[in-house]
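**Student:** If you want the building blocks of each chain, they are given just below.
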Amino acid sequence: MTGLTPVILASTGSPAATHQGAWWMALIPFLPLLSCVLCGLVACVRPIRSTKLPAWITVVSLGVSFALMLATYGQQREGWASGASVTTAWEWIHLSWGHEPGQTLIANFGFYMDGLSGLWMLFVTGLGTLIALYASEYMAHDKGLGYCRFFAAFSLFVFSMACLVMGDNLILLYLGWEGVGLCSYLLIGYFYKKPSAVAAAKKAFIMNRIGDLGLALGVMLTFFHFGTVQYAELFPLVQPHIDSLKAGRVEDIPLLVQAIPVLLMIGAFGKSAQLPLYVWLPDAMEGPTPVSALIHAATMVTAGVYLIARTMPLFLVSEWALPVVAWVGALTALLAATIGMAQFDIKRIMAYSTVSQLGYMFAGLAFLSSTGAAFHVFTHAFFKATLFLCCGAVMHGFAGQLDLRRLSGVMFMRGWLIVGVAMLVGCLNLSGFPFTAGFFSKDMILAEAFVTPGYQLLGWILILTAGLTAYYTFRVFFRVFVGPRLFEPGDEVHADDDHGHADHAHDGHAPAGDGHSAEPPTPQPHDADHSFHPHPPGWAINTVLALLAVLSLAAAGAYFIEQDRHGWVGSMVHDSTAAQVSIGEGEHAVHAAAFRHDLTHEEHAHATLLGMNPHDVMYFVSAIVGVIGILIAAALHGPKGIGGLMIGSRTEAARSRADELLPRLGPIPRWAQHKWFVDEFYEFLIRRPLYVASCIFHLIDALLVDGLVNLFGWLPRRMGKSARRAQSGVLHQYAGQMAGGLVIVLFIVLLLTA
Amino acid sequence: MSPIALLSLMFVPAASAVAVAAAPAKLARHIALVGTLFAIVVGLVALGDYDWSRPGAMQASGGFEWLPELGLRLSVGIDSIALLLIGLTLLLGPICVVASRTAITERVKTYYAWLLVLQAAMTGVFAARDLVLFYICFEFTLIPMFILISLYGSTNRKHAATKFFLYTFTGSIIALAGLLYVVWFNATKLLPTAFAGAGTWTLDIGVLTHAGASMSLSEQSWVLAAMMLGFGVKVPLFPVHTWLPLAHTEAPTAGSVILAGVLLKLGTYGIYRFVLPMTPAALVEHAHLIAVLAIIGIIYAGLICWVQRDVKKLVAYSSVSHLGFCVLGLVAVNGPGLSGSVLYMINHGLSTGALFLLIGMVYERYHTRDMDELGGLASKMPIWSTFMVFFVMASVGLPGLNGFVSEFLCLLGAFQSPSGLGREGLGATPGTLGPWFAGFAGTGMIVAAIYLLYMTGRVVFGQLKEPRGHHAGPLPTDLTVREIAVLSPIAVLCVLLGLYPKPVLDVVAEPVAAQAQWVWDHQPGATPAHAESHGVAAPNDEPPGEGE
Amino acid sequence: MKEKLPILLPEIILFGFTCAVMVLGVSKTLRIRQATASIAGFGLLIAGIVGSMTQGEVGAPLPGLIPFAKPAIAAVGLLVLLLMSGSVDRAIEGRIKSGAEAFDAIKTNRAEFYSFFLFSITGLMLCTSADDLIWLFLALELTSLPTYVMVTISTRGTASQEAGVKYFFLGALGAAIFLYGFALIYGSTGSTDLVAIRSAVDAAGAINPMLAIGLLLALVGVSFKIAAVPMHFYTADVYQGAAAPVSAMLAFVPKAAGFFAIILLLTTVGWTHGPGGHSLPEAVRAPLWVMAVLTMTVGNVLALLQSSTKRVLAYSSIAHSGYMLVGVIAGPGSRPGLAHNGIGAVLFYLLAYGLMNVGAFAVVASLERRDAAEPTEADDLDELRGLCSTRPLVGWTMVLCSLSLLGFPPALGFFAKVPLFTSGIGAGELPLVIILGLNSAIAAFYYLRLAALPLLEKADGPPPNLSPFVTRRIAGAISAACAVLVGIGANTLLKNARQAAAMPTEAANRARALAAGPDRQVSDDQASRASIQMSPD
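Residue numbers (our numbering), protein chains in the order written: chain A, 1 to 754; chain B, 1001 to 1548; chain C, 2001 to 2537.
The set of hints was computed from the structure by calculation and includes no laboratory data.
None of the values given here were measured: they were computed from a predicted structure.
Straight line, CA to CA, 27 angstroms or less: simulated BS3-like cross-link-like pairs of lysine-lysine: (1) Lys1109/B - Lys2458/C; (2) Lys1465/B - Lys143/A; (3) Lys1465/B - Lys1313/B; (4) Lys193/A - Lys1313/B; (5) Lys1465/B - Lys194/A; (6) Lys1380/B - Lys143/A.
So that you can see chain A by itself, here it is in the shape it has in the complex:
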C-alpha cells in the first residue's frame, strides 16, 4: 500500500493523462437513451402508436450519435496519442470513507474516449443506425406496441453498449455490460409468446450473469488491490508491476493482481460466448434478425474482446490469464466451427460462426495482438452484420424459412439479387477469401500465433478452423443462394397474407425437429404452391445490405492506411490503454509485452513459419486453406456445373453430395448436429442437480427448518398435555401431589445445606 502511493502522484503527466472531452461527447450515449424514452412515450399515445415513428426516432437519434462520434473522431483523433479525453456527465457512485488512497470509490457517468473506444463506438453507432433502418422495414409487420418495444429496447441497447465502451471506469463498464445483457434478454424474448424464445432469452441472461459475476468480482478485486476502478488512475498503478515483469522479478507481482484478469475473463467469456459459456448465443437466434445482426454478431458479443483489450495491462502481468484466453479462444473457434458445419438452420450456422470468429479474436488478444483482434472485430462487425441481414431478408421473404434444405437459388429470383450479392460478399469475407477484409484481419491473428512462442499448435488449430469456416460458409451460400430455384415457405404463411401476422411468431428457426431429422424434407417446387409468393426485400433492406456489403469490402482498406502502425485499426488501438503500458521508447504497444514470453524484440521479429516471416507466409497459407474450403463446399453442395468448373452436382434443394459422404463418418456428423450434446451435458450436470437441490431445500425448509420452529411451538403444548394429567380434579390426589412437591423441595434444601 505504501509502495504504491507515490505512483498515483507520479501518474499525472504519464501516458494515462486525460484531457477534458467536449461536453457533447456525452450525447453519444444519451441520444439513444432519449430515443428509448421517446419510444416508450410513443407506446403510451394511442394515435401514433401504430406508425413507424419509433423507428424513425431511433434511426435519427442513432444517426446523430454516429455523426457526433465522427465529429469526436475528427476533433480528438490527434489527442488520443497522448491520452484519452474524458467527459463526465455526472457523479454516479462517489463514496468516501477515508482520505487515503483506496478509501474513495468513484464511478462516474464519465465517458472515456481513446482509440479503442473510438473504434468501437464508430461501428456500434454506425452499424446501429444501419440496422435500425433495416429493422424499420423488417419489423413493419409488428407495428404497434411491439414495434415501440422493439425500438425502445434497441435504443436502450445502444445506450448500454455506449456505456460499456465509453465508460471511464470499470463499474460503468459493468453497467453497460449488464445493460446490454438486459436488452439482449428483452430482444431475444421479443416474441414472448413462443416458449422457445422465452427460454432462450432466459438462458442468455443467466449465462451472461455467470460471466457477470466473474466480471463483478474482477472489478472488486481491482478496487481491492488498486483502490480505484477508473481507467485514468488504474493503469498507471499497473505500471510498477509491468516494470517488475520487465526486470524479470515476476515474483514481485502479487498473486491477487494476477487473479484479476482471470476473473475479468470469465465475464468476457460469458458475454462473448466462449467456452464454456457459449451455449446461449445460438439459442439467441430466437430474436428478430436485426437483433441477431446487431447484438449477437456485430457489437454486444465483442464486448468481451473490448474488455480484455481495454484491460490488457492487467492481463499482461498475469501468468495464467493470457494462455487460458488463447486456449479457450482457439478451442471455441474449432468447436463452434464443427457444430456449424452440421447445422441446417442458416441463422444458427451464422451464430456458430460468430462464436467461432469470436474465438479467433480471443486468441488474437492472447497472442498479444490486440490490433489483430480489434481489426477482426471491426471487419467481422460489417461482414457478419451483412450475413445476418441477408439471412434475415431470406427469412422475411420466405415466411420464416431458414432451413437450407428447403431453399435454393434465391439469388436468381426476382428482386433478390442485392441480397445474393451481399451474401456472397459476406461469405467471402468470412471464409477469408484473399483480399477481402476478413482475409487481412484473420491473417493478422494467425500470423501472430506463429510468432508467439508456445502457441504454434493453436496456430494450426486456427488454420484448420479457417478451412472449416470456409466450408460451412459456402455450404450455406451454395445451397441457398445458387442452384435450382426452389423454395418452401416457412410456417408463417397465412392464407390471406404472406406476411407474418403481428400476433404470430415471425422469426424463429425452421420447424421443430429440423436439424435433427435424419430424413431431409422434400421441398416443393415454386409453382406447386400458388398461395405463397416470396416477398423480396424493399428499399430499406436493400439499401442497408448494399451499403454493408460495400463497407465490409471497404473495411479492408483500413489495413492499408497507416501501415507502419498496423493499419488504421492498429493505430487506434495503439492510442489506448490496450497499449498504454510500454516497455521502452518507440515500440509498438501490441508487441510491447513480448518480454512476457522471454523474447527480445529481435527474436520476435525472427520467428518463422515454414522458414519465412509468418506475417508474409500467412497470406498464402490462409488464402490456400480458405480456397480449399470453398472448393470442398462447392464440390459437396454446389449446384451442377458451378461456374463452369463442373465441380458441383446438386440438382435439388434438399440433397447434396455431402449426404452420401456423411454416413461414412459414423456418428460424428450426428453428434456435431446435436452440438456435441453440450446443452444436454449442462442440463444433466448443472441445471438438473441444481433444480433437485432446490426441491430438496424447499423440503428441508418446510420440514426441517420450519419443523424445528414448529417443534418449539409444539413443545409447550406437549408439556401442557403432560402437566394436565396432574390436574385430575380429585382432592386427595391434589393433596398427595402437593405433599410430593414439598418433599422434593425439602430434598433440595437438605442437599444444599448438608
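Mind docking chains B and C on chain A? Use the hints.
**Tutor:** Showing chains B and C alone in chain A's frame:
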C-alpha cells in the same frame, strides 16, 4: 429540526388513525390518505432546517421525561440513516392507502386505522433514542400487522398471523433481555468517570452504545447472540426466516408491502444501530458466522424461490435472499459495506414493495397467484407487464436501477474486508470476511436471475393462461390510472436511485464511516494508530451518531 | 402495644365497616340491604386513604410497605367490589321483589358475603404490617378463611360448593405446612420476631439446616396462597367453580398476602448471605429458583390447552406468580432504583396484575349465557368471538387487558415486567430472565387468542347477554383504562413501589433489635435517629 417535528411524525398518523376510527366508514380511505400525505408534508417542512452538513450527528434530538423511575424518556433524534428510513416509511404510507382502495371492501375503518397506527409505530422505531421507547415501537408494530394479516389475509391467515406474532415476539423478548443487560452493565459496572452517562441507570441509546462497547468480549458475545436472535428473526436471517414466506403469502397487499418495505428493515436497522456499535468486539469476532448465515440465506432461499408456484411466496423468499446481502454488508463493517447495506434497506423496500403491489394487482383480477394458472399476461396486460419486468430487473440488481449500487457495495464491502490474504491492497479495510465471502454471496446474483426470470418467463411471457372464471371484478384488464399512479413514484425513485445515488451516498457516508471507525476502535487491543489507518479521523470519542 | 395502633388504623376502620355491613346486610329494608356494597366500598376507600397516610413502624422488616400496599389493596379491592355486585342473592332478591317470597335473613347471603370480603381485605392489610410470625400467620388465615366461604356461596351451583371444599381442605393443608415451618423457624432461632430472627441469622453468619427447612416449609406452605408450584393444583378448579368476581378476588387477595408473607419471611435471611453477597442463601435460592421456573412454565403450558376463559386466567395467574418469584429471588438489589429492586418490582407487579386481572374477569362476569335457564357466566372462549363489534365495551376490555397481561408494550403489564427483567439481570439471574422471556412468549399464544377472539373473529351466533349489573362493566372499563393509560401517574406508583421495598438500614435494624430485646422500651430519640439514618431509597 426539532424533536417536536419528529414526534409529530408519529403523532400525525396516530391521530389520523383515531380520526378514521371515529369517522364514518366511507370517509376512512380519504382520511387515511390525507393523514399519510400530511405526514409527508410535515416531514418535508421539518426537513427544512435539517442540517445536511452534519448527517452523522443525531439531529432533532431531545425529549421528555416519561417514567423517570425506569429511566424511560420520550426521547427522539435522527441521523441521516434513520432519516432515510423514515422517508421510506412516509413514502409507502399513501402508496399503501391508495393501493388498498379496491382490495379492501370490508371493515374498512379497522383496516386504515391500523395501517396508520403501524406507520406511527414504524416511524417511532427509527426516531427513538431511548431504548425502551425503541422497543415499545418495535414491538408495537406487531399488533397492527397481526390484525392486518389475520383480518384481511387469504385463506390460511390466522395461522400465519399467529406464527408471525409469536415468532418475532419471542425473538425480540430475548433481544430485550440482551439490551437490558447493557443497561444494567452501564448502571452498575461502569464508573461515572468513564464517559457522560456512565454509572447511571439510563436507557439513552447513545450512552448505552458507549457502555456496550466497554463490555468484555464474552459479555458482548452473549449480548450479541441475544440481539441477533431478535433482530435476525425480523430480518429474517437463515434459519429463523420461516415465518416470512407464510406471513407474506397470507398478508393483504399493503401488508406485504409494509412488511417487506419497512418491517424487515427494523431488523437490519436494529443490527446497524445496536449490534454493531454495542458489541463491536463480539461482532468482529463472530462476523464470519453471521456472514455465513447470510450467504446460506442468499443461496438457499434463492434456490427455494425457484421451485415456488405461488408468485407471492417466491417474492417473499426472495426477500430472505436479498436481505442476506444487506446483513453481509453490515457485518463487513466498512464504508462500502455499511453504505451498501443502508442503501439496500431503501432499495429493497422500493423494488420488493413494488413487486408485491404488482402481484396484488393481478390477484385482485384473477384471484390466484399460482403460476400454473397464470401465464403470458404480457399480451393481456402490457402496462402491468412493463412494470413487472422493470421491477424484476430492479430486484435482480440491474445496474442503472436502484438495486445494483447497494448490492454491489455490499458485496464490495464483504470483498475488501479480508482476514488475511491481500490486506496490503490499497482498497483493503480491516475485516474478517474477504473475497471468498463475496464470491459465494455473489452467486446469489445468478440465482436471483434464475428465479426471477423463471417467474417472469412464466407469468409475464409465454402463451396467455388465465384461470377459469377469472376476472369478475370491477377492474379493467390492464392497470387503472390509480394503479399506475401507485407504481410510478416507486419506479421513478428506482431509476433515480439507480442513476444518481450520490445524494443518498453522500449523506450516508459520514455516519457510516464513523460507525465503522467506532467498531474498529473498540476491538480488544485496538490502538489509535490502528484506528487512524482506517480512515475518517475521530476527533472526539463520540459514539456514532452522537451529539447534537 | 399501644404504639402499633395507629399503624393498624386502616384495619380497625375496615373492621368497623365490616360489622356495619354484617348488620345492615340483613336489614329488611331493600334500600339498606342494597347499600351494603356501597358501605363496604366506602370503608375500603377510607381505609385506603388512611393507609396511604400511615407510616410503618421504624425498624419494621419493610417499613415503607404500608403506605404503598394499603391504598393499593384498597384500590384493587374497590374494583373487585364493583365486580361483585349481584354475585349473591340474585334469585332470592328477585323473588322478594316480585312478592313470591318474604325476606328471610337465613336465606340471604349478602351480609356474610360482603363482610367476609372485608374481613379478607383486612387480613391482607394486616399482612403488610406484620413483623412477627404469629401475626403473619393470623393475618394470612384471616385473609384466607373468608374466601373459602365466599367461593362456596358465590354461586348457587354445586360446582362452587365442590370448589369451596377443595379450596378449604387444600388451604388447610397449606396452612398446616407453613405453620409447621413457622414452628421450626422459631425453634431454630428462638424468636418469632422477624427482625430478631434476622439478627440471629446475621449473628450466625449463615443459616442452619433447621432454619432452612423451616423457612422452606413456610415458603412452600405460603405458596399455596400465591398458587405456585407445587401448591398450585387447586387453582383452575377453584377459579372455575367460583363466580368470576370471586375468582378475580382470589387472583389478587390471597396472592398478594402470599407475596407479602414470602417477602417478609425472606427478610429474615436477607439477600446478603448467598453467593456474591447479593442473593438469597443458596439453600433458599435454589428451591425458589426451581419453583419460579416450574410455576411460570406449568402455568403457561397448561393455559395453552384450556377452552374456558376462567381456566385460562387461572393458569395464567399461576404463571404470573412465577414471574413475580423472579423478583423475589432477585431481591432488593445492591443499588438504589426500582430497576435494581426486585422487591419493588414485585410490589408494583402485584398492583398492576391486580388492576389488569380484574378487567379480564370482569369480561366473564359481564357476560351471561344466552341459552341457560338460570343466569350463568359465559365462560367459554368461543363466546368471546366478535365481542368488539357486538359488545364493544366488554370486547375492548378483554383485548386491552389481555395484551396488558401479556406484557405487551406500551401497556401496564410491560412496564410491570421491565423491572422484573432488570432486577433479575442485576441479580445475575440471566437464565431465569431468559426463561421468563420465553414464558412470556408462550403466554403470548393464549393471550393473543384472548385478544384476537373479540377483536378479529366473527361471532358464530348471537352474542351472549350482558349481565344486568352495570358496575361489572364499569370495573372492567376502569381496569382496561388502567392497563392502557399507564403514562399518567405510573411514575408515582413506580416510585412508591420503590420506596415500599426499601429495606431498613443496619442502624434501624439494631435499634429494632434493641427494642425487641429484653428491654422493649424504645426511647423516642433512638427511633428517630434510626429513621434519620434510613436511606431514602
